[in-house]
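Same order as they appear, the protein sequences are chains A and B. Going by the working numbering, the first residue of the first sequence is number 966, and it counts up by one from there. Going by the working numbering, the first residue of the second sequence is number 69, and it counts up by one from there.
Simulated from the structure, these hints should not be mistaken for laboratory data. Predicted, not measured: the structure shown is a model, and the values here were computed from it. Heads up, the beta-carbon is just placed ideally off N, CA and C, and yes, glycines get one too. Treat each hint with caution, since some may be false.
One side only, chain A facing chain B, incomplete, derived with CB under 7 angstroms [as the list claims (entries may be wrong)]:
| # | residue |
| --- | --- |
| 1 | Thr-975 |
| 2 | Glu-976 |
| 3 | Gly-1044 |
| 4 | Val-1046 |
| 5 | Lys-1047 |
| 6 | Tyr-1048 |
| 7 | Leu-1130 |
| 8 | Leu-1134 |
| 9 | Pro-1137 |
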Amino acid sequence: MSNEISLKETERKVFKAAFQDGLVDIGIGGFLLVFAIGPFVTPYLGDFWATIVIFLPLWVIVFPALGLIRKYVVTPRVGVVKYGQWRVSRMRRFNVIILIVLVFSLILGILSAVEFDAVPGWIHAARFSLVFLLAFSIAAYFLDFTRLYVYGAVVALAPLIGEVLYQYLNVPHHGFAVTFGLPAVLIIITGVVRFIRFMRDHPLEQGT
Amino acid sequence: MSGAKTDEDKLHPLAEIDNVIHASARLMVLVHLYVVESVDYVFLKNQTGLSWGNLSTHLNKLEEAGYVSIKKGFKGKKPHTMIHLTKQGRAAFKDYKQNMQQVLDDLPD
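Looking at chain A on its own, in the form it has when it is part of the complex (with noise of 0.2 angstroms):
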C-alpha cells in the first residue's frame, strides 16, 4: 500500500538524517588510516607496542573527538530524535549480528597467526578482504547506509591489491600504505566535504 511505503520512506529519511553530518565517514577513514600506517610502525615497535601507539589516539582522540563534535556542534543543529520500536530491535539485531562477525574475525585472526607460513599469503588477504566486505556490507544493509556498500567493497580491495603488489613487485609492507591509505583519505575528505555541506545547510537553530 502506498501510505504504508510512504511511512517507512519517512522512518527511513528520520534516521538516515542522523548519518548527513559526514562524521561517520572521518571515523571510518581513521580507522582505515591505521592499517595504512601500521606495518610503517611495526618493524621498530614491535607488534605490541605499534598496536597500542597506533589505535591509543583514535580511541583517545579521534572518536571522542567527533563524539564532542556530534553532541555539541551536530545535535543542536539537527534536533534530537528516540528510534521506534522497530527501529529499535533492528539495531538489536545489527549490534548482535556485528559481535558475530567480530568473532569470526576474531578467529579468522588467530587462525592466521597460527599458520602464517603454512598457507598462501593470498588466502590471509582473501580472509582479510572477506571481513571487511561482511562488516561493511551488514553495516550498510541495517543502517540504511549506502555509501557503506561501495567503502566496503573499495577497502575489501586493499588486502587483496596489497596482495598482488607484493608477489608481483616485491612492493615493501604489501603496498598497505597506498591501498589502505587512498581509500582512507578519500573517505576522510568525502567526511569533511559532508561535514562542510551540513554545516551550511543547518544553521544553529535558537529555539527549543
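On the provided structure of chain A, position chain B as indicated by the hints.
This is chain B only, laid out in the frame that chain A set:
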C-alpha cells in the same frame, strides 16, 4: 438484503475523516511522530520544513485534541521540548489512514 454498498455507505468513510489530522501541515507532523518514539522541536522543524510559528500552532492544535504530548524541560541551562504521539493520537492516525485508504480505494480509476 443486498450486500452491495449504497451511495451513503460509500461516502461514510469520507464523513469520518478527522479534520484535526487532515490539514497538510498537521498530517506531516503526525506522519513523522508516528514513525518514532519522540522528537524535539528542532528535529521536527528540520524534517517538516515548517516555520517555528507554524509548527507551534499546529502542535498546540494536536495537543488540544489529545493527539500529542509536549514535555518541556531543560538540557543543561537551555530549554528543551520533546514531543511524542499519545496512544489516542496513534489510534486516531491509524483510523485516519484506514478511512483515507477506503475512500481512495472506492474511487473509480
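For each hint, the structure was consulted:
Interface restraint check for Thr-975(A): the shortest CB-CB distance to chain B comes to about 5 angstroms, inside 7 angstroms, so the restraint holds. Satisfaction of the interface hint for Glu-976(A) is found here, the shortest Cβ-Cβ separation to chain B being roughly 4 angstroms, below the 7 angstroms cut-off. At its closest, the beta carbon of Gly-1044(A) sits 3 angstroms from a beta carbon of chain B; the interface hint therefore holds under the 7 angstroms criterion. Here the hint on Val-1046(A) is kept, as its CB sits about 5 angstroms from the closest CB of chain B, short of 7 angstroms.
For Lys-1047(A), the interface hint holds, the least distance from its beta-carbon to any beta-carbon of chain B being 4 angstroms, beneath 7 angstroms. The criterion of a C-beta within 7 angstroms of any C-beta in chain B is met by Tyr-1048(A), whose closest approach is roughly 6 angstroms, and the hint holds. Taking 7 angstroms as the C-beta contact cut-off toward chain B, the hint placing Leu-1130(A) at the interface is violated, the least distance being around 46 angstroms. Of the supplied interface hints, the one on Leu-1134(A) is violated, with its beta-carbon coming no nearer than about 51 angstroms to a beta-carbon of chain B, more than 7 angstroms.
Given the 7 angstroms rule on beta carbons, the hint for Pro-1137(A) is violated: about 49 angstroms separates it from the nearest Cβ of chain B.
Hint violations for this structure: numbers 7, 8 and 9, all remaining hints satisfied.
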